[in-house]
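A.B. asks: The hints should help you fit chains B, C and D onto chain A, whose structure is shown.
In case you want the letters, here they are:
Protein chains: 4
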Amino acid sequence: MSNKKPIRLGMVGGGNDAFIGAVHRIAARIDGEFQLVAGALSSTPEKAMASGAALGLDPARTYEDFKTMAAAEAGREDGIEAVAIVTPNHMHYPVAREFLKHGIHVICDKPLTSTLEDAKTLVKVVESSDGLFILTHNYTGYPMIRQAREMVANGDLGDIRVVQAEYPQDWLTEPEDNKQAEWRTDPARSGAGGSVGDIGTHAFNLLSFVTGLQTEALAADLQSFVPGRALDDNAHVMLRFAGGARGMLWCSQVAPGNENGLRLRVYGAKGGIEWDQEEPNKLWFTPFGEHKRLITRGGNGAGEAANRVTRTPGGHPEGYLEGFANIYAEAALAIRAKQTNTPLPPEVVFPTVQDGLTGMLFIQACVNSSNENAAWVSL
Amino acid sequence: MSNKKPIRLGMVGGGNDAFIGAVHRIAARIDGEFQLVAGALSSTPEKAMASGAALGLDPARTYEDFKTMAAAEAGREDGIEAVAIVTPNHMHYPVAREFLKHGIHVICDKPLTSTLEDAKTLVKVVESSDGLFILTHNYTGYPMIRQAREMVANGDLGDIRVVQAEYPQDWLTEPEDNKQAEWRTDPARSGAGGSVGDIGTHAFNLLSFVTGLQTEALAADLQSFVPGRALDDNAHVMLRFAGGARGMLWCSQVAPGNENGLRLRVYGAKGGIEWDQEEPNKLWFTPFGEHKRLITRGGNGAGEAANRVTRTPGGHPEGYLEGFANIYAEAALAIRAKQTNTPLPPEVVFPTVQDGLTGMLFIQACVNSSNENAAWVSL
Amino acid sequence: MSNKKPIRLGMVGGGNDAFIGAVHRIAARIDGEFQLVAGALSSTPEKAMASGAALGLDPARTYEDFKTMAAAEAGREDGIEAVAIVTPNHMHYPVAREFLKHGIHVICDKPLTSTLEDAKTLVKVVESSDGLFILTHNYTGYPMIRQAREMVANGDLGDIRVVQAEYPQDWLTEPEDNKQAEWRTDPARSGAGGSVGDIGTHAFNLLSFVTGLQTEALAADLQSFVPGRALDDNAHVMLRFAGGARGMLWCSQVAPGNENGLRLRVYGAKGGIEWDQEEPNKLWFTPFGEHKRLITRGGNGAGEAANRVTRTPGGHPEGYLEGFANIYAEAALAIRAKQTNTPLPPEVVFPTVQDGLTGMLFIQACVNSSNENAAWVSL
Amino acid sequence: MSNKKPIRLGMVGGGNDAFIGAVHRIAARIDGEFQLVAGALSSTPEKAMASGAALGLDPARTYEDFKTMAAAEAGREDGIEAVAIVTPNHMHYPVAREFLKHGIHVICDKPLTSTLEDAKTLVKVVESSDGLFILTHNYTGYPMIRQAREMVANGDLGDIRVVQAEYPQDWLTEPEDNKQAEWRTDPARSGAGGSVGDIGTHAFNLLSFVTGLQTEALAADLQSFVPGRALDDNAHVMLRFAGGARGMLWCSQVAPGNENGLRLRVYGAKGGIEWDQEEPNKLWFTPFGEHKRLITRGGNGAGEAANRVTRTPGGHPEGYLEGFANIYAEAALAIRAKQTNTPLPPEVVFPTVQDGLTGMLFIQACVNSSNENAAWVSL
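As given, the protein sequences belong to chains A, B, C and D, one line each in that order.
So for the first sequence, my numbering puts the first residue at 1; every next one is plus one.
So for the second sequence, my numbering puts the first residue at 1; every next one is plus one.
So for the third sequence, my numbering puts the first residue at 1; every next one is plus one.
So for the fourth sequence, my numbering puts the first residue at 1; every next one is plus one.
For the record, the hints were derived by calculation from the structure and aren't laboratory data.
Since the list gives no way to pick one copy over another, a pair counts as held whenever it fits inside one copy or between any two copies.
When the alpha-carbon atoms are kept at most 25 Å apart in a straight line, the in silico DMTMM-like pairs for lysine to aspartate or glutamate are as follows:
1) Lys4 - Asp78
2) Lys67 - Asp17
3) Lys5 - Glu77
4) Lys5 - Asp31
This is chain A alone, in the form it adopts within the complex (with noise of 0.2 Å):
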């Protein structure tokens, strides 16, 4: 915590019961360097105001609509610095654009948008723009995600050969009936891709953060398990990489016993390194021909990409919401970096709305694929 004072945030989305908005304002709080001001918190506008009310917004700041909001919010002398976006997706592209156009700053929930062609414009947007945009992949938050991507830049590993990455998870593995359900199974809402988009994307980013690796082709094989599911929700994918590496992705949101596991291992000529999401504190590492090393977050052998995004001890266990943080912490260093114009010190990484492009181009090759059966496309 410096003693700078908390950057002004809004928010579009994330009214009373959307887990992702709760998470994101946890997030922003958690080291004091956000206060949330300004909302329009649902597209239903009493819930919108209800909502605001709930959080103890000033009403004067909770709008009805995000388009009155990025116009009010940039026309007062204590407007909001930054936006937070947790709409459903098709809703990010119109959003942040709005926010953008005054130069407010935007994170904005993954995937990018709904279709490629909204996230080709966003780029343009972004970049003509004097806002930032990061994209809350909260994954790469992680310290010891940050640890794994040091020790392949560092060589450890050696040259990369192999990927696998997975996410499975198990709650949509009936008919949905709840809201968060609901949404990410509408293409009009979600996008071209089911649990590719939803989660797949997590997975892909983390793999391209950690490893460096550009995907030069994917071979994807994409089902709806579940009887009248618009979108899939299980995916294989198979991924060869520039240089002559290869991957594996699966996906799934149909997997019984499966929460939320999210799992990278990387294999290269000299070593190998394995990390679970739900025991995110934990990196293992392998020097081939050695014993196994358990390199802990906070603990000996944590180095320090890891180590400058972590907040308490070894053994005192950092979870979901501290890697998330993370990313609103980068945010907080690349905004106040922005306003005062200094140069943004090179261990300071978010995903960019470059990285969110390159998920709608995953998402979209994945379904190109499939369609054509399993086909390789280029990325």
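C.D. replies: Here is chains B, C and D on its own, set in the frame of chain A:
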């Protein structure tokens, strides 16, 4: 988060490089229920002022000593409603007394005090004050600990027979060379117990909280393995509980490979449970004669007591800070109930000054027993 | 152990420094159902004789080549009743044929042969022989695998949707420098598949055994990461099963940190199971919407199919050799049934020559698919 | 396996439904070093004869009582060279004495005897006999236990400070209703100790074997939780070792969810190790200040002491029977050395009658201490 204004919080101790002060600040902030507005953050005046500035505190409310702070804040219209005490142990009592005198609620780190005498007096001070006293035995805030407690209370384990509690760490394996270690191994500031005070009390409080058992007597064998150390760094304790159950407690700060290994296992006539602080989202439960079950925080099998202190769905791990924040959340509920003169719902639970006194009795009994060659000592 | 005399066993291959020969000998011995009495233990005559002596075989029954052995043993009153074939792959077929010709039962290591043609011929040879043919896909002998198979068959998982099989190892991460590695990476002795033949067939056999699913088609991406290696050392495979289920299979011998990581996960409409060969006494089972259950070998929750191949109580771990021995135990039951012309109880199961052929079709399909840029190939 | 003939083995006890007899038979058989040729398998003559028939023993060498057997076998040219004693505890002494009198080597289950007096006498009987005496504290046969012992001896942990041993089970949680349970809870057949005799001695032997520490005194609190049970079913023990190290030992047969939870943790000034019998192929080792290392049986990091008792490569799990078989393998080496009058290499180690006496002293000390309100009792 409710639509009420955050509770105004002050802090005594917790200056720049103090671990636990930062933890308390995050815990207070996570749910937006508290706002830090004043502090006497160090016993060294310059450090106090510098720490306040670093935290962005109003210089007018950054105090050089806690007595000035208590008086000044008590006199302000917008003065603090609660104070967090995060000093070394020997200062808990005088600081708490000062704020309670002014009716300011106290949230105090453990152990309660550095002497049993102080502890007994503090109980009386609390009884005669309008202020609440909340002791941050933070591990009782973990959802799966609430679950365990509920299951014991529900009789899922049958009559409790055996309790195994342990809390190994390794950071004092070699002679101490840092500030955290320094005061913890100094009897004048820490009290009569070393590891039994610093972490043994946590383990003891946790087992008492979960099982509801009253400890009748204990036999303790305390050691100081590191040459020159004045206080115990390892303790073996046998416990006898009212009603006939028996237990063992081991705490150590010289057990290489253990970061923060608080673990609790409880066995009854009908079943057993097992919990490990380093994997806090999991609770193992075995009804006798059946297969093991893994109950997960936010997942299937978690009950009311756990769910009311849960922020994220299963598989999205919560950690140490969220567990700690649950104590602050309970404190907020208690403070607001007190302020509005409404009854506190029975499900709101937090460690009290009485629990703190019991912890001090535990420390004293351990020291006395060990001095008498591990004779049984009543609590 | 029954009061019948041990079955007289011969062995071809398995000389002094061969890993798998020693495994077969222990597996044959554990239950006292077999006694090794003859052998042609190496293709090098001197080594064959020396190995026989080291094993305490009668010199008169230690042979320099398998043809002599087959003829001689067939002519003895006390000749071998069964032979274990533990040579490199390319010798499986000629050796098996020779002994089957004499009506001697064959227990043969996997994969079935080195060429698909040999495999097809061998099926016919077996059909026209009085000898039984048992293929040591030993992992199907693990009690918890029998448990998993029974649960799938019982419908505990509902209709199967997704199968995840993997088998990573790391011992071929660097260019091979030992005998075990040498023939496994030589197409003339190993066959068309490298890792897919050596371990991929195990994973494929295991998933087929547990789920009962028939594989309709696969798409495979095979790699040889180690420079100069003639066969694949890593394989990514997507599977499509009759009835609509889908699967992925990964095998690798270049994944540092993996010793023998055969793992199987099966998900259906009603539940999921997970098993890891390196912790073979545990089977995870989650009925959708309930908490995870840990079924243990010999423990509560294990059913008939597991218990009949279980030797020790829960918590007394069985391992690789016991699982392997279960194949020999089933073989003994089958041989005795054959000898006494009694029907084999349906619960006695072991991998057959047909399973071996399916494995060869799997290898060939993987190689063909990979050669066609991972096109779908029917099995 | 060597080219020597198997050692001729007899067995006393271990009739049809006895768990431990079957274990001894498999353990004797795994390496082909022993052949069972005679037995007095039950104290009930008919059962003895039926059990012999079921095992395929020569009826002429199936005896109705052990005295007849000892005399008859001693008189045969091809008489047994060794006898395995697997009776209830109270028969260990008379049976061992009888065979030792004839110079027949004894492999005896633990604890040594049912009374301390018998134990002391047996030590003298062994000293004056030509027969060897091997006590099957089988857990010392696990390769990773040999590894741990070697590491302690090598000083990898520095001076040992703290030992934590535990052995929880749950099978006696309710009043006993089977044969296994029956004699174990009967003082006349089991001896003065219940759980301390049956499993506490295993834990105590294991910690002594690994650390080499001599126990000077202990304080024990024994309980019989199940109404009507004559012997302890749960025991809490504090230990003091020569040289200043301290320890705790917990054993229980009423801890639901524990199958066979023997665990050992040893901490020294330089590092710590942790081992769990239910995952016997893994040994955790942490040098202080470094990350945790996972040493695996057969894998990288395993040393000479482990490798010489290892049968399969890393990742191919060995289990309880292989560990047990290692005691038999050591016994075979010792018997052959004795028979050939050659010195036994120092790396061959097995529990001796002296270890058995120490175990009996441990049991007696536990009972005495508990009877004196957990006073310290010298061993």
